[in-house]
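Taken in sequence, the protein lines are chains A, B and C.
Each residue of the first sequence is one higher than the one before, starting from 0 at the first, in numbering that gives the first Met the number 0.
Each residue of the second sequence is one higher than the one before, starting from 0 at the first, in numbering that gives the first Met the number 0.
Each residue of the third sequence is one higher than the one before, starting from 0 at the first, in numbering that gives the first Met the number 0.
No wet-lab data here; the hints were simulated from the structure.
Ideal Cβ placement from N, Cα and C applies to all residues, glycine included.
A couple of the hints might just be wrong.
[Unchecked claim] Using 25 Å as the maximum straight-line C-alpha spacing, the simulated DSS-like pairs for lysine-lysine come out as follows: (1) B:Lys30 with A:Lys5; (2) A:Lys137 with B:Lys35; (3) A:Lys5 with C:Lys9; (4) C:Lys59 with A:Lys6; (5) A:Lys6 with B:Lys35.
[Unchecked claim] Across the chosen pairs, the derived CB separations fall in these ranges: (6) C:Asp85 with A:Thr43: 34 to 40 Å; (7) A:Val97 with C:Pro33: 37 to 43 Å; (8) A:Ala115 with B:Leu13: 30 to 36 Å.
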Amino acid sequence: MWIYEKKLQYPVRVYSTNPALAQMILEQFGGADGELSAGIRYLTQRWTMPTNEGKAILTDIGTEELAHWEIIGTIVWKLVKDASPEQIKGTPFEAHFVNHGKSPFPHDASGVPWTASYINSKGDPIADLHEDMAAEQKARATYDWLISISDDPGVTDALRFLREREIVHFQRFGEALRIVQEEMDKKKYY
Amino acid sequence: MDYGYYDRNRRMELARAYVPFQRLKQVYDPKEALMKGTLFPELYMPYKKDWEDVKGGGYYE
Amino acid sequence: MSNYMDREQKNLLLEIMEYSFALVETNLYLDTHPSDEGALKLHNAYSQRYQELLSIYEAKYGPLRYTQMSGCPWAYINDPWPWEIDFDN
Numbered sequence: 000m001w002i003y004e005k006k007l008q009y010p011v012r013v014y015s016t017n018p019a020l021a022q023m024i025l026e027q028f029g030g031a032d033g034e035l036s037a038g039i040r041y042l043t044q045r046w047t048m049p050t051n052e053g054k055a056i057l058t059d060i061g062t063e064e065l066a067h068w069e070i071i072g073t074i075v076w077k078l079v080k081d082a083s084p085e086q087i088k089g090t091p092f093e094a095h096f097v098n099h100g101k102s103p104f105p106h107d108a109s110g111v112p113w114t115a116s117y118i119n120s121k122g123d124p125i126a127d128l129h130e131d132m133a134a135e136q137k138a139r140a141t142y143d144w145l146i147s148i149s150d151d152p153g154v155t156d157a158l159r160f161l162r163e164r165e166i167v168h169f170q171r172f173g174e175a176l177r178i179v180q181e182e183m184d185k186k187k188y189y
Numbered sequence: 000m001d002y003g004y005y006d007r008n009r010r011m012e013l014a015r016a017y018v019p020f021q022r023l024k025q026v027y028d029p030k031e032a033l034m035k036g037t038l039f040p041e042l043y044m045p046y047k048k049d050w051e052d053v054k055g056g057g058y059y060e
Numbered sequence: 000m001s002n003y004m005d006r007e008q009k010n011l012l013l014e015i016m017e018y019s020f021a022l023v024e025t026n027l028y029l030d031t032h033p034s035d036e037g038a039l040k041l042h043n044a045y046s047q048r049y050q051e052l053l054s055i056y057e058a059k060y061g062p063l064r065y066t067q068m069s070g071c072p073w074a075y076i077n078d079p080w081p082w083e084i085d086f087d088n
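Bound conformation, chain A alone (with noise of 0.2 Å):
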């Protein structure tokens, strides 16, 4: 099951109004690539991973990408939440402040509303590690991409503290599949 600790995982500090900002932030929140289609993604692919190691895995780092989704989301609102309808129009966020108002929504930068099929799950341990491997490669691009284009210096370090964690659960997948991988290979032989 699931508690939830009320803190940020990492402390946002956001400097400046900026509604076009928000709105490129918001492809970590609803995107093929970011937190939300990582924790869905990891979690869904729980009960079919064998080893220990392999469920633990899974279930925590699902568990910090929605810990990651809710400090996306807490960027997103920030950068919106003194934005006076004058400097919200014009920018590409005026689209979703006419459906959502400020409130962040799971889409895209594009506005491409979230889905399942953003992620995969085959019931194949070795297919989904290295699914995950590539989600977290994808992920840390996006972060590159958009540590880039963000000119808020609190944003920027809180897009850093992220692309890290991708760098790290890259490394922890890495040595799940090694684990999954040597335990096949033992059942290989009778």
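Could you slot chains B and C onto chain A? The hints should help.
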């Protein structure tokens, strides 16, 4: 489990991906770890803005 | 806007966030290295400190988890909520 054995003695097969196991050495103190995004110096690979890079953005080393 | 948290409460919360994060790191490491005794020692030391800090914080400012005790009224719902906190002021 001796992870050194995992990496040293294991024969590598074709058509497989291998990520080396991390071995715990030094750690950052919790304050610095949170700022950097990891407890482990060997996993700290920050974004570098390198416009000459073919990727056009940045990469980690 | 009730996003104000005084310096003392904020500093304690930040320390809790730091230990909580260290524990996530040892947790993930141990998930793939379950027999690493050095990592376990480190994890347990962080865990002990984390629980001490939580006890102090929750006794003074109310629960951060639904499982914990509270005075009346139920302090778990108190502002600021995490996304409302201004970490600088």
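Here is how each hint holds up against the structure:
The straight-line distance between the Cα atoms of B:Lys30 and A:Lys5 is roughly 19 Å, inside the 25 Å bound, and the hint therefore holds. For a cut-off of 25 Å, the pair hint linking A:Lys137 to B:Lys35 stands: about 20 Å separates their Cα positions. A C-alpha spacing of about 13 Å is found between A:Lys5 and C:Lys9, which places the hinted pair at or below 25 Å, so the restraint holds. Distance hint between C:Lys59 and A:Lys6 is fulfilled; the C-alpha atoms sit about 16 Å from each other, no more than 25 Å.
Restraint check for A:Lys6 and B:Lys35: the C-alpha separation of about 19 Å stays at or below 25 Å, so the hint holds. The supplied range of 34 to 40 Å is met by C:Asp85 and A:Thr43, whose beta-carbon atoms lie about 36 Å from each other. Separation of A:Val97 from C:Pro33 is about 51 Å and departs from the stated range, judged on CB atoms against 37 to 43 Å. A:Ala115 and B:Leu13 have their C-beta atoms about 34 Å apart, which keeps the hinted 30 to 36 Å range intact.
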